[in-house]
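Chain residues, written in single-letter form:
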Amino acid sequence: MRGNSILRIVGGRVYDPANGVDGVVRDLCICDGKIVADVEAGRTIDATGMVVFPGGVDVHTHVAGAALNFARAMIPEDHRRNLAFVRDRIRHGGIGGSTPTTYITGYLYAGQGYTTVNEAAVPILTARHTHEELRDTPIIDKSTCVLMANNEIVLDLLEAGEYERAKEVVGWSIWAAKAYGVKAVNPGGVTAWKWGKDVKGFREPVPGYSKVTPADIVSSLAKIVDELRLPHAVHLHCNNLGAPGNVATTLETMKALEGSRAHLAHLQYHAYGGDDWTNFRSESVRIAEEFNRNPNLTTDAGAVLFGNTVTITADGPWQHLLHKLTGRKWGNIDVENETGCGVVPYVYKEKNLVNAVQWAVGLELLLLIDDPWRIYLTTDHPNGAAFWRYPEIIRLLMDLDFRREQIRKLAPAALNRIFLPELNRCYTLYEIAIITSAGPARALGLANKGNLGVGADADVAVFNNDKDAAKMFSYPRYVIKGGEIVIEEGEIRNTVEGKGLLVRPHYDPSVEDFIRPLFEKHYTMSFDNYPVELERVEHAEVRPCN
Amino acid sequence: MGGKVTCTLGEVKNRADLVIYWGGNPAECHPRHFTKYALMPKGKFVPNGRKDRTMILVDIRETPSAKAADIFLQIKPTKDFEMITVLRAIIKEQPVDPAIVAEIGLSLEQLRDLADRMKKAKFGVMFFGMGLSMTRGKHMNSAALLTLAAELNAFTKFVAMPMRGHGNVTGGDVIMRWMTGYPFGVNLARGYPRFNPGEFSTIDMLIRGDCDAALILGADPGATMPQPAIDHLARVPTITLDPKVTHTSRISRVHITTAVTGISAPGTAYRMDEIPLPLRPALKSPYPTDEEVLRRIRQKIACKPLQLPPTVPMMTDAE
Ligand SMILES: [Zn+2]
Chain R
1 MRGNSILRIV
11 GGRVYDPANG
21 VDGVVRDLCI
31 CDGKIVADVE
41 AGRTIDATGM
51 VVFPGGVDVH
61 THVAGAALNF
71 ARAMIPEDHR
81 RNLAFVRDRI
91 RHGGIGGSTP
101 TTYITGYLYA
111 GQGYTTVNEA
121 AVPILTARHT
131 HEELRDTPII
141 DKSTCVLMAN
151 NEIVLDLLEA
161 GEYERAKEVV
171 GWSIWAAKAY
181 GVKAVNPGGV
191 TAWKWGKDVK
201 GFREPVPGYS
211 KVTPADIVSS
221 LAKIVDELRL
231 PHAVHLHCNN
241 LGAPGNVATT
251 LETMKALEGS
261 RAHLAHLQYH
271 AYGGDDWTNF
281 RSESVRIAEE
291 FNRNPNLTTD
301 AGAVLFGNTV
311 TITADGPWQH
321 LLHKLTGRKW
331 GNIDVENETG
341 CGVVPYVYKE
351 KNLVNAVQWA
361 VGLELLLLID
371 DPWRIYLTTD
381 HPNGAAFWRY
391 PEIIRLLMDL
401 DFRREQIRKL
411 APAALNRIFL
421 PELNRCYTLY
431 EIAIITSAGP
441 ARALGLANKG
451 NLGVGADADV
461 AVFNNDKDAA
471 KMFSYPRYVI
481 KGGEIVIEEG
491 EIRNTVEGKG
501 LLVRPHYDPS
511 VEDFIRPLFE
521 KHYTMSFDNY
531 PVELERVEHA
541 EVRPCN
Chain Y
1 MGGKVTCTLG
11 EVKNRADLVI
21 YWGGNPAECH
31 PRHFTKYALM
41 PKGKFVPNGR
51 KDRTMILVDI
61 RETPSAKAAD
71 IFLQIKPTKD
81 FEMITVLRAI
91 IKEQPVDPAI
101 VAEIGLSLEQ
111 LRDLADRMKK
121 AKFGVMFFGM
131 GLSMTRGKHM
141 NSAALLTLAA
151 ELNAFTKFVA
161 MPMRGHGNVT
171 GGDVIMRWMT
181 GYPFGVNLAR
191 GYPRFNPGEF
201 STIDMLIRGD
211 CDAALILGAD
221 PGATMPQPAI
231 DHLARVPTIT
241 LDPKVTHTSR
251 ISRVHITTAV
261 TGISAPGTAY
271 RMDEIPLPLR
281 PALKSPYPTD
291 EEVLRRIRQK
301 IACKPLQLPP
311 TVPMMTDAE
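Residue numbers (the numbering used here), protein chains in the order written: chain R, 1 to 546; chain Y, 1 to 319.
Isolated chain Y, as found in the complex:
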């Protein structure tokens, strides 16, 4: 079992009468989310906008987003998985262990009320943030929440969607999938893609010291990654492409200033629901675009001998 049941944000705008934010603080992190998509807009089937929707926030602390909620459910840290499991049980009318309910920090009545609202909604949506997907249990938590949403479709229409970070993270994920079959954590060293998050994800590779050079594009790991990963970036030749000098630039051998994508470089950005949006440059930049720099690097590399055995098979087991 499992899966992923989702939609584009316009479906939420037009239909959602129950909006649940789980482990996120959209009021501060995604300020336009309420007004543009999920809460305030008048939609085709929710003509009165905010009045036609119920908003529930699930989080471990009371953030500014709680003010926007009709119901705020404060749970104990790291108890998301337990709460999702109890909800799944209530929804299927199975008995639940009061000891586990007590650990969550909510009453059984609160959980029953939530389950009831979920089943009775005409169109329910759960947006889950870093608080759910990046804490203890990580992808177990997201998988459980996605399963809960899938199971609710036995009763009504229900979807779930991650609240992604800024920039074009989604675009990177989308293109990795069509080029390699996998969204991230891909190793191409053998000449074909291999996927193993935890082994081939960037932070793991850096901490283990498995790479001997780094190319940084559209990110500032020098500001966000754990220190041992940053130390390795400083140790190996690191090349950073960025419109401005970043923390990573300072530990790089080479920083190349590039045009700002969306302002002076064209392209496509993918919204968090994977809708592609064209970027149209409004200004001219004296700097080259990321694409141009990468193309020129690639041309130079193409002149060098191929770093693969001369008699590579065309196909191999993907294992």
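In isolation and in its complexed conformation, chain R is listed as follows:
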């Protein structure tokens, strides 16, 4: 399948920020799945008047695995409310909505010009399940992050001051899960949740421990990831997600990360002021100012759109609180010795003050963080909104009149809690290409993605140049994945299989002698069944650590 197409895309206006190309009309040549300097034969696509982007890269999404699949079973009413996909010769049938089925996830991402996604939360214990779902998720390339910040083997080692061994365990775990990066969710808080508690202070010991604090876990994992030379920084979901006044924790976290690389996930959920829900307000300005000062950090928006969705996170204590606040049904799975997960269906409403603030904060951060190379477009799918609604956010960023119109729909009381009405910045197409593709690819350390230079992967999206950005980015004219045309005139033409991206960090294999007896004591399956075999990852590509 891959590697036999020769293509020339002519006359399009090319946006390729990785190479500083800002809307230049030029031809793009593709051969054997790569961008090449020139081709002789092959098919020509006339892209005159159209816009050519590198394929989109989603740095933070939840599309596969035990937690998402648990959520699918909880929300049949959501499936029925949304679109179904009808099977045909080349497409599988399935369901769209907040938690699309696996095949439809691939079609929907490719259907808006996205060709690479990072599944952001994988327990080692169920990584095999995640990879099985990703096998059934076509077209897009997939990387995963393994959950480490509540892993009790790691926490016990940090408690005992055994940093070096903790590093070996993390290295071993990444390879065992066939993961690409390390995720930290509410460090220490999910462990505490196993007793129905949460962590209290960022610098107070985690319940059940006498020394180790969330701050220790954050800074140790960031350092470990850097020393293991992973292509992607530690991927951090800070403590206190969603809570009024959590701005303090987020600022403290940024401080604790000085000297290390880190990616702060869904920053929107961590930029709130006030002391309770009645005086909840935006603190995006303080967060953005501090973030702008710290070039070691990247982030993604975690923006919210109004409407129905379902929230899924490894942050168990937060989900219990959300369930108590909303009275909506609540799912929770605690995963032995490693992590947890909570699921609560949710509706973001324009007239709800808290929701209005959340909606504004996501956009404010995208507008206030001055370097588009360091903040990326996400909704923390499906938490803030489903990923197939990204084009709506692009329109809000590009079109000031439209944005003002939407602000007018908010409850008037929300307006003095947000900064959005004062912000006039509008994104250019070049900047959109950065936050949807070139930026997240760089943050993930994927030099061959989000890049239309010679030698890069031929993942390309071609859009009509429409004044309505939402329409433009919802219906690409062509999407090319690994050199194959997968979308043409809005139709799926070809469902190629995507790659599984992972790393094999350097670690001392004898660490297994340390893990094995602990595993046999505290887990409930055979140790030999714990690591995922490389063959279980479809089209695995082991990326270098250097």
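There may be inaccurate statements among the hints.
According to the in silico footprint, chain R covers these stretches of chain Y (three or more CB under 8 Å from chain R) [as the list claims (entries may be wrong)]:
1) 33-47
2) 181-193
3) 254-262
4) 271-284
5) 287-300
EDC-like, lysine to aspartate or glutamate: derived pairs with alpha carbons at most 20 Å apart [said to hold, decoys possible]:
6) Y:Lys122 - R:Glu392
7) Y:Lys119 - Y:Glu151
8) Y:Lys42 - R:Asp88
9) Y:Lys44 - R:Glu152
10) Y:Lys44 - R:Glu520
11) Y:Lys51 - Y:Asp17
12) R:Lys409 - R:Glu392
13) R:Lys197 - Y:Glu151
14) Y:Lys300 - R:Asp88
The hints are simulated quantities; they were obtained by calculation from the structure and are not laboratory data.
We put the beta carbon where it would ideally sit given N, CA and C, even for glycine.
Knowing the structure of chain R, use the given hints to seat chain Y with the ligand on it.
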């Protein structure tokens, strides 16, 4: 309200100090459950194993599992829902109707004691079996129990988990969810998944005579389903894939002998708590695997004209 608050079995092993089995007989049906996960093992936070745990059994009759229990609560048949509701009321300190308590077959003191133990546990778990989920009230009972577990989290840590049947039932459920969005009772006749248990569940489809062929995989409905369903299987062309000749094989048009998964065919099985376990074949089989047979059937079907209108829309309302 409602929901599902659960965990993997290792959490039970390491933490549970209150273990409640409701409507099940694990001593006979899941013999390793006590020893491997829930009762006997020494866990990280229950270092003395059985001594650190209290086990309560709720059932309508005294099964061999009662011998393993610290407290056995024998209730009257079909009164599970009433008992769960009364417990929910006691836990929220609401008044309860003595007439309803009398129907359950337990004293108010017994119920108060149970509620008290639940609230005071450090980590409580309820395992519920077929006795709860398959009797009168069916999913109402399970939903009520799951709600009780969720509500207990206002006081302490509490989870609930169904005791599933044998084989890889859980695996089927897991894969149906990622492929169709629904766990079972899915109809694909329109080219996209529709979910309606009671209408599209296998037994209902068969009894109504709604299907004109059947493919049976990893199950023996000929031995377990109601007679009218079996009669329909015998009427239509039924194809059975199984390592051995089953009751269903005998009423099938075609039986295809396949390799035994886990012994001579690789794959993944999902444990009752949805932990995936790799299956590594130890022996070679002269027979093809289920997967191989299905792939070959699928290839043949793919050569035939598609049984959908030629101009199908790509998307439609999922209703
Ligand atoms: Zn997330």
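How the hints compare with the structure:
no.: 1; hint: 33-47; verdict: holds (count 4)
no.: 2; hint: 181-193; verdict: holds (count 8)
no.: 3; hint: 254-262; verdict: violated (count 0)
no.: 4; hint: 271-284; verdict: holds (count 6)
no.: 5; hint: 287-300; verdict: violated (count 0)
no.: 6; hint: Y:Lys122 - R:Glu392; verdict: violated, 46 Å
no.: 7; hint: Y:Lys119 - Y:Glu151; verdict: holds, 10 Å
no.: 8; hint: Y:Lys42 - R:Asp88; verdict: violated, 54 Å
no.: 9; hint: Y:Lys44 - R:Glu152; verdict: holds, 11 Å
no.: 10; hint: Y:Lys44 - R:Glu520; verdict: holds, 12 Å
no.: 11; hint: Y:Lys51 - Y:Asp17; verdict: holds, 9 Å
no.: 12; hint: R:Lys409 - R:Glu392; verdict: holds, 16 Å
no.: 13; hint: R:Lys197 - Y:Glu151; verdict: holds, 15 Å
no.: 14; hint: Y:Lys300 - R:Asp88; verdict: holds, 16 Å
When the structure is compared with the earlier hints, violations turn up for hints 3, 5, 6 and 8 and for no others.
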